[in-house]
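Residue numbers (the UniProt record's numbering), protein chains in the order written: chain P, 1 to 210; chain A, 1 to 210.
Misleading hints may appear alongside valid ones.
Identical chains blur together in the list; that is why a pair holds if it fits in one copy or across any two.
List time: in silico SDA-like cross-link candidates among lysine to any residue, alpha-carbon distance up to 25 Å [stated by the list, open to error]:
1. K51 x V181
2. K42 x R55
3. K51 x P86
4. K91 x E123
Since the hints were derived computationally from the structure, they do not count as laboratory data.
There are 2 protein chains.
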Amino acid sequence: MIRSETGDDGAEGGGVTAERRRPGRRPGSADTRGEIVVAARKIFAEKGFDKATIRGIAREAGVDPALVHHYFDTKEGIFVAALHLPVDPSKVIPLVLEGPREEVGERVARFILTMTADPMAREPIVALVRSAMTNERVVAMIREFMTRAILERVAVGLDIPPLRMEAAFAQMFGVVLLRYVLQVEPVASVDIEELVGLLAPTIQRYLGAD
Amino acid sequence: MIRSETGDDGAEGGGVTAERRRPGRRPGSADTRGEIVVAARKIFAEKGFDKATIRGIAREAGVDPALVHHYFDTKEGIFVAALHLPVDPSKVIPLVLEGPREEVGERVARFILTMTADPMAREPIVALVRSAMTNERVVAMIREFMTRAILERVAVGLDIPPLRMEAAFAQMFGVVLLRYVLQVEPVASVDIEELVGLLAPTIQRYLGAD
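Bound-form chain P, shown alone:
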């Protein structure tokens, strides 16, 4: 074990000063985290989400897999960071699903509309959809991530068929596209709460019990 000469990289908590040095592997440096992110983007684009591994990303970045784990915890965490996604589904979904089942539709609709109202949160998602429209590899990567990290997790958490979750996702996805990408009126300008009132019963029908 050696101390990294450069110390804190400024990007994360700051506790990352020790790691194993192995032949051909560099210690944590000012941009180790950034280099892992760059490596991750390459690996995810090449292999998709399912076949990408933390070990493969570490190899591409020339660092120890433990360092990747340290920075990003899980493969989902790396994906979220690499694509600048606004939230990690594994952390947000349990919070949204928590609470009365008869209000899950309202919670999901309000969460998605509130999150996407922030341009800083929305832009990376729009950018991802944009590149998916023209790149088959990006499509595969998004499809696998969506399926594993969002759709399956919600369907299992609520004990509903995946198709119902996909119908709910399609409703919210379509609204976000009309509101922010196509900017059709009145959906582009209407108040979030008016949209929640209109959409929540739909999402409730898909995600509610029974």
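Let chain P serve as the given structure and place chain A on it in line with the hints.
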């Protein structure tokens, strides 16, 4: 009035052999229709749907506006031809809205899913959405066409607020994207009638009476 030397252009009914010759305007030729389409694409992309005119398209193509009318009837008709859209909304919407109001959700869901099941019908729509994702002018053009030719027409026809129509459109648009572009399972492979059963009550809630 003169006869076009080249006769039928092979693209339409075949009755277009006579037209007025004016200075600087060419008579109908083997690809007059194709030239109008090329001109229309340019004008729609430059001016959007609302500000484009048949007169402006005719001028760009170097033909008489009456010839444009003859081939395409309306500005919507030219747009549909220029962008290879599978159907002209002005012709299809009345048919879909006709029939019992309490089944309009089912009719709309089945129509959209059946139409988009045909790759020849779907591809131009996907291509259009694709270019909208990366080109602001295409976005404006689609937004205007959607608003005038689809959303307003249905909202007026059914006497519902436009926002309800947009919610319905968003649901179907999202499902088509998940099914055919992102190809997420199970929605990508499931039978159309199963999807109609799942989605029709949603569309009915938005488009139904009251």
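Against the structure, the hints come out as follows:
no.: 1; hint: K51 x V181; verdict: between (31 Å within a copy, 21 Å between copies)
no.: 2; hint: K42 x R55; verdict: within (14 Å within a copy, 50 Å between copies)
no.: 3; hint: K51 x P86; verdict: within (23 Å within a copy, 38 Å between copies)
no.: 4; hint: K91 x E123; verdict: within (20 Å within a copy, 37 Å between copies)
When the structure is compared with the earlier hints, no violation turns up for any of them.
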